[in-house]
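Chemist: Work the whole structure out from these sequences, hints included.
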Amino acid sequence: METAQTDVKGTIKDYILREFLPGESPDSLDDTTPLITGGVLDSIATVKLIAFLEERYGVQIEPHEMNADYLNFLPDIASLVESRQAQS
Amino acid sequence: MEDIPSKADVVVIGGGPAGSTAANLLAQNGYEVVLLDQARHPRNTVGESVLPHVWKYIDEVGATEDIRKAGFIRKSGGTAIWRGVIRQTTLADFGFTGPSLHVERDEFDEILLRVAQRKGVQVFEEVVARHVHLDSSDRGVTYIDRRSGDEGRISCRYIVDASGQGAVIANQLGFREFDNDLRFMSVWGYYDDSAYVAQGGLICPWEKRREISPTTIQAGIGDWGWIWHIVQKEYTSVGLVLAPTQAAEFKAGGAKLDERFDAACRKLPIVGDLLQDARLRPGSVRAIRDFAYRPSRLAGDGWCLAGDAAAFVDPINSAGVITATYTGFAAAWTADACLKKPSKRDYFTDVFSTLVRQRLALFRISALPAGHNSYLEDNAIALRAAQLDSHSEQELLLVQTKLTDRSENLAPLLQMDPKLNYQSSDKYREVPELVPLESQLQAAG
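Sequence order for the protein chains is A and B.
Mind the numbering: the first sequence is residues 1 to 88 in the working numbering, read in order.
Mind the numbering: the second sequence is residues 1 to 445 in the working numbering, read in order.
By construction, these hints were calculated from the structure, which means they are not laboratory data.
Where hints are given, some of them may not hold.
[Stated by the list, open to error] Partner residues aside, some chain A positions facing chain B, computed with beta carbon under 7 Å:
| no. | residue |
| --- | --- |
| 1 | 37 |
| 2 | 43 |
| 3 | 46 |
| 4 | 63 |
[Claimed, not checked] Below, computed lysine-lysine pairings styled on DSSO-like, alpha-carbon distance capped at 27 Å:
| no. | chain 1 | residue 1 | chain 2 | residue 2 |
| --- | --- | --- | --- | --- |
| 5 | B | 119 | A | 9 |
| 6 | A | 9 | B | 340 |
| 7 | B | 119 | A | 48 |
| 8 | B | 341 | A | 48 |
| 9 | A | 13 | B | 344 |
| 10 | B | 256 | B | 7 |
[To be verified] One side of the interface only, derived from the structure: several residues of chain A facing chain B at Cβ under 10 Å:
| no. | residue |
| --- | --- |
| 11 | 45 |
| 12 | 47 |
| 13 | 72 |
For every residue, glycine included, the Cβ atom is placed at its ideal position computed from N, Cα and C.
Modeler: Below is the structure:
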């Protein structure tokens, strides 16, 4: 269970670093980094992230979840993906 | 004259900023894209003040060098004259990296269109999309080639309707809904040798526009109306946005459109003074009415709307072109996702509709005074779009709400949302009076 969680979170973290924070150290993005309110994910990036999650995990982030209430922190995104995976 | 193909992956209707953005990104993704535009470019249109957020889209489509080389006039910020108070903003204060431009839309739009062509989009101008066939078994667009009068049909897998005020799909399916709160008329024209206002409330002569950066002026007229003053390379765009009673007065003014327009502009405080030594270019005046409407639908199976075809509000916060490029980007993303994974197309279409609806709600609510919102459901979703903006964009939006009373619905919402970065901002200045550059130089010397 622990490992699976880290994998999902780690994969998402790697994706965000690669796509939206190129050249930044991995330390700059942790569990408490505010992704949307902190400006890491803007309107274009959020769309790309949603596409990535669908592609990589077959998971659909619902329209009402596409905002800072659900996607602001790495652990929240990872849990959302995992709970959606468990459903399908 | 090249033949228009009978088949394509995607047909994009319209070659303005929304259409060329969508087409460009899809072509870059390997799709065969045909773009139809009823006009021949270059062609004039309005929406000439563009916020610096536009650069992220210009960069995505690969038009950065071309836009820089065009040498559009760089504006330093805005001058809002509302109920007798003059307030100014400086865009550099907000941390934007790219300059903010005043663009001649014929040139700007053509640059974007030609870049799209270079990326592989097949562009056909003076071709009017007459009918869209949306059934999956039969999807395509029927068109008329204005040059030859020939009718034709392109079969395709996806359609992006970026047809602007023409709103092909919305009109065909009957869901174009006028915005009850915003039944406006706009009349605009182009002046030679107009003076302008720079930072610090300085009135500068026309010749200085490259040396001393102009501001975009928005000056209120009565309760709802306003006038814009946008300095460009060779002339100045001046335009009126009039509420229904004002529009009726304007139309009743007799005489020809050019004369009525010129007289109306010269009568106004401040802008009228700037036009003292200026001359209206004959034949340059245009008018449009009821250009504000709302989207009751934004997308469906195999199609989506982008740019003004989706919705338009009011140009007061310079958001039209940005909204067009954003929705064009979203349209390209959606078309690509639907075509790659047809079994998930309902989901992707839903994503598109949600994100674009949020963005349009924000656009709309930023132009609405308090007590004039017939569509309260917009409030909550507008904030979600604001959350996705960069810090600079959020702070600028908050400041924009303080410059005119048009954003009275939005201001309290922004202040209440803890997920936004700015609940207050002081990045604007009240200017007690405008001072001619000459007298300032004399005083200094």
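Chemist: Confirm or reject each hint.
Modeler: Now the hints, each set against the structure:
1. 37: holds, 6 Å
2. 43: Since the shortest Cβ distance to chain B is 4 Å, the answer is holds.
3. 46: holds, 6 Å
4. 63: Since chain B brings a Cβ to about 3 Å from residue 63 of chain A, closer than 7 Å, the hint holds.
5. B:119 <-> A:9: violated, 36 Å
6. A:9 <-> B:340: Between residue 9 of chain A and residue 340 of chain B the Cα gap is close to 26 Å, so the pair holds against 27 Å.
7. B:119 <-> A:48: This hinted pair holds, its Cα atoms lying about 21 Å apart.
8. B:341 <-> A:48: holds, 15 Å
9. A:13 <-> B:344: This hinted pair holds, its Cα atoms lying about 25 Å apart.
10. B:256 <-> B:7: With Cα atoms ~47 Å apart, residue 256 of chain B and residue 7 of chain B exceed 27 Å; violated.
11. 45: The hint holds - residue 45 of chain A has a Cβ within 10 Å of chain B, the shortest such distance being about 9 Å.
12. 47: Residue 47 of chain A check passes; min Cβ-Cβ to chain B is 5 Å, inside 10 Å.
13. 72: Constraint on residue 72 of chain A satisfied, holds at 8 Å.
In terms of the numbered hints stated before, the structure departs from hints 5, 10, listed from lowest to highest.
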